[in-house]
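2 protein chains.
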Amino acid sequence: MTAVSESGSGNGGQSVRRRNRKHEVLEAAIEVFWEKGYADASIQDVADRVGVLKGSLYHYISSKEQLLFDILDHSHAQGIEIIQRARLVEGPPLERLQRFIEDYLRWYLRNIKRVSVYFSEGRYLTGERLTTVRRQQRVYDEFVKELVVEAQEAGDADTSLDPRLLTLFVNSAVNGVSTWYRTGGRYSPDRVAKEYAALALRTLRS
Amino acid sequence: MTAVSESGSGNGGQSVRRRNRKHEVLEAAIEVFWEKGYADASIQDVADRVGVLKGSLYHYISSKEQLLFDILDHSHAQGIEIIQRARLVEGPPLERLQRFIEDYLRWYLRNIKRVSVYFSEGRYLTGERLTTVRRQQRVYDEFVKELVVEAQEAGDADTSLDPRLLTLFVNSAVNGVSTWYRTGGRYSPDRVAKEYAALALRTLRS
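Protein chains in written order, with numbering that gives the first Met the number 0: chain A, 0 to 205; chain B, 0 to 205.
The set of hints was computed from the structure by calculation and includes no laboratory data. Check the hints yourself; a few may be wrong.
[What the hints assert, rightly or not] Anything over 10 Å on all C-beta distances counts as not near chain B; from chain A, calculated: (1) Gly36; (2) Glu89; (3) Pro92.
[Claimed, not checked] Here are the simulated SDA-like cross-link-like pairs (lysine to any residue), alpha carbons at most 25 Å apart as the crow flies: (4) B:Lys35 to A:Asp44; (5) B:Lys112 to A:Asp44; (6) B:Lys144 to A:Gly154; (7) A:Lys21 to A:Arg185; (8) A:Lys112 to B:Glu152; (9) B:Lys144 to A:Asp44; (10) B:Lys193 to A:Ala38; (11) A:Lys144 to B:Glu152; (12) A:Lys112 to B:Gly183; (13) B:Lys193 to A:Asp44; (14) A:Lys144 to B:Gln136; (15) B:Lys144 to A:Lys63; (16) A:Lys35 to B:Glu152; (17) B:Lys112 to A:Arg128; (18) A:Lys193 to B:Glu152; (19) A:Lys112 to B:Asp189; (20) A:Lys63 to B:Gly183; (21) B:Lys112 to A:Ser187; (22) B:Lys35 to A:Gly154; (23) A:Lys35 to B:Gly183; (24) A:Lys112 to B:Lys193; (25) A:Lys35 to B:Leu129; (26) A:Lys63 to B:Gln136.
Quick reminder that beta carbons are idealized off the backbone N, C-alpha and C, glycines included.
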């Protein structure tokens, strides 16, 4: 981003405003899909939430399905950032896995509506968009599996366990948080992040 | 059930036929909701699957939402049977928990479409029906938590772990199977049931 675009003048400024508005549309759509479910929600609902006419939303999105895809795609990009940070961490694989799960769950719980939409509405995508999202989901599973296999090779995780089943078990446990977590309830995000990471390690430690 | 009703004659016979037809309607609805999703499915789709006119379905169900509720309610009744069998088993709590998870997952994987509908479509219920299903879901969590607490009291499970978080972790892992399992794929139902039960025990054992 250049200084010109940040100052808000010229075409760069238009582009920043456009990005901000697109961001606003996506955040509104997350709220709407979370409340009504994707199937029952309409572009009109999203327009009402943003406070603009429905027609002007089509400057930012081409269809309701594209809007859902953009939400999932942006969420994936955020998840990838957490994975990339985790790749820079040094230390034994189990320690890296523990830290990754903690970081991931902190992000997840700060963005619980986004994450709930990700997990419960993604199945409404079709064709190329569905294929893309399924491929993206595998990146997360593959990263955790890599760490599990590394831990097994280092003798820190039980080698009698099937690494794929172990990965699926742990990832389902972690990603299931959106089904029960209530913001402001009994457990703080920090506590869930820490205890869940510790439970995952118990499951696979040798 | 009396001998008369089983022979198919008289009012008893009508009632058996009615029950059989209702069973057939529910099984067809599971297929339809599983394939299209509840929101996009119609009573017409279910009638087409059963091979009857839409009007005649209303002898067995009052609405699409009632149909979804009946599927979830019957599924819950089947789950309760597994819990009741588990309550009759004697032995240390961890052994009973292991056996319960195995039995539950064997039923779950034999009925994967029903279970997928249970977990992914239940949120479309409203009002009293939603309240009932949420109350039913807690029975499963409460049963697992009871065993976890018993295991902690017996010194077999780590008492430093929060029994509720532990229960949610294990139950999310187990109930997440419907998101990745493919019938006829790499893992047999028996293998998933056994390995998952063993993984759950690893997570909580002291």
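Quick rundown of the hints versus the structure:
Listed as outside the interface, A:Gly36 is inconsistent with that label: its C-beta sits roughly 7 Å from the nearest C-beta of chain B, within the 10 Å cut-off. With a minimum CB-CB distance of about 27 Å to chain B, A:Glu89 clears the 10 Å threshold, and the non-interface call stands. Every CB of chain B is more than 10 Å from the CB of A:Pro92 (nearest about 17 Å), matching its label as outside the interface. Distance check on the hinted pair: B:Lys35 and A:Asp44 sit about 23 Å apart at the alpha-carbon level, within 25 Å; holds.
Distance check on the hinted pair: B:Lys112 and A:Asp44 sit about 32 Å apart at the alpha-carbon level, beyond 25 Å; violated. For a cut-off of 25 Å, the pair hint linking B:Lys144 to A:Gly154 is broken: about 32 Å separates their Cα positions. A distance of roughly 35 Å separates the Cα atoms of A:Lys21 and A:Arg185; the hinted pair therefore is violated under the 25 Å criterion. Pair hint A:Lys112 plus B:Glu152 does not hold up; C-alpha atoms about 37 Å apart against a cutoff of 25 Å.
Annotation: proposed proximity of B:Lys144 to A:Asp44 is violated, straight-line Cα distance about 41 Å (limit 25 Å). The hinted pair formed by B:Lys193 and A:Ala38 fails the criterion: a straight-line CA distance of about 37 Å is larger than 25 Å. Of the supplied pair hints, the one linking A:Lys144 and B:Glu152 is violated, its CA atoms being roughly 34 Å apart against a limit of 25 Å. Under the criterion of a C-alpha separation no larger than 25 Å, the hint pairing A:Lys112 with B:Gly183 is inconsistent with the structure, at around 34 Å.
Between B:Lys193 and A:Asp44, the direct Cα distance comes to roughly 47 Å. Violation of the 25 Å bound is thereby established for this hinted pair. At roughly 31 Å between alpha-carbon atoms, A:Lys144 and B:Gln136 are farther apart than 25 Å, so this suggested pair is violated. Of the pairs offered as hints, the one joining B:Lys144 and A:Lys63 is violated, with about 41 Å between alpha carbons and a cut-off of 25 Å exceeded. With a C-alpha separation of about 43 Å, the suggested pair A:Lys35 and B:Glu152 falls outside the 25 Å cut-off, and the hint is violated.
Restraint check: the Cα-Cα separation between B:Lys112 and A:Arg128 comes to about 24 Å, which is no more than 25 Å; the hinted pair holds. Annotation: proposed proximity of A:Lys193 to B:Glu152 holds, straight-line Cα distance about 24 Å (limit 25 Å). Simply put, A:Lys112 and B:Asp189 have alpha-carbon atoms about 35 Å apart, too far for the 25 Å limit, and the pair is violated. For a cut-off of 25 Å, the pair hint linking A:Lys63 to B:Gly183 is broken: about 35 Å separates their Cα positions.
Distance restraint check for B:Lys112 and A:Ser187: the Cα-Cα separation of roughly 35 Å exceeds the 25 Å cut-off, and the hinted pair is therefore not satisfied. As the CA atoms of B:Lys35 and A:Gly154 are separated by approximately 46 Å, the hinted pair breaks the 25 Å bound. A C-alpha spacing of about 35 Å is found between A:Lys35 and B:Gly183, which places the hinted pair above 25 Å, so the restraint is violated. Taking the CA atoms of A:Lys112 and B:Lys193, the gap is about 34 Å. The hint is violated against a cut of 25 Å.
At roughly 15 Å between alpha-carbon atoms, A:Lys35 and B:Leu129 fall within 25 Å of each other, so this suggested pair holds. Distance restraint check for A:Lys63 and B:Gln136: the Cα-Cα separation of roughly 32 Å exceeds the 25 Å cut-off, and the hinted pair is therefore not satisfied.
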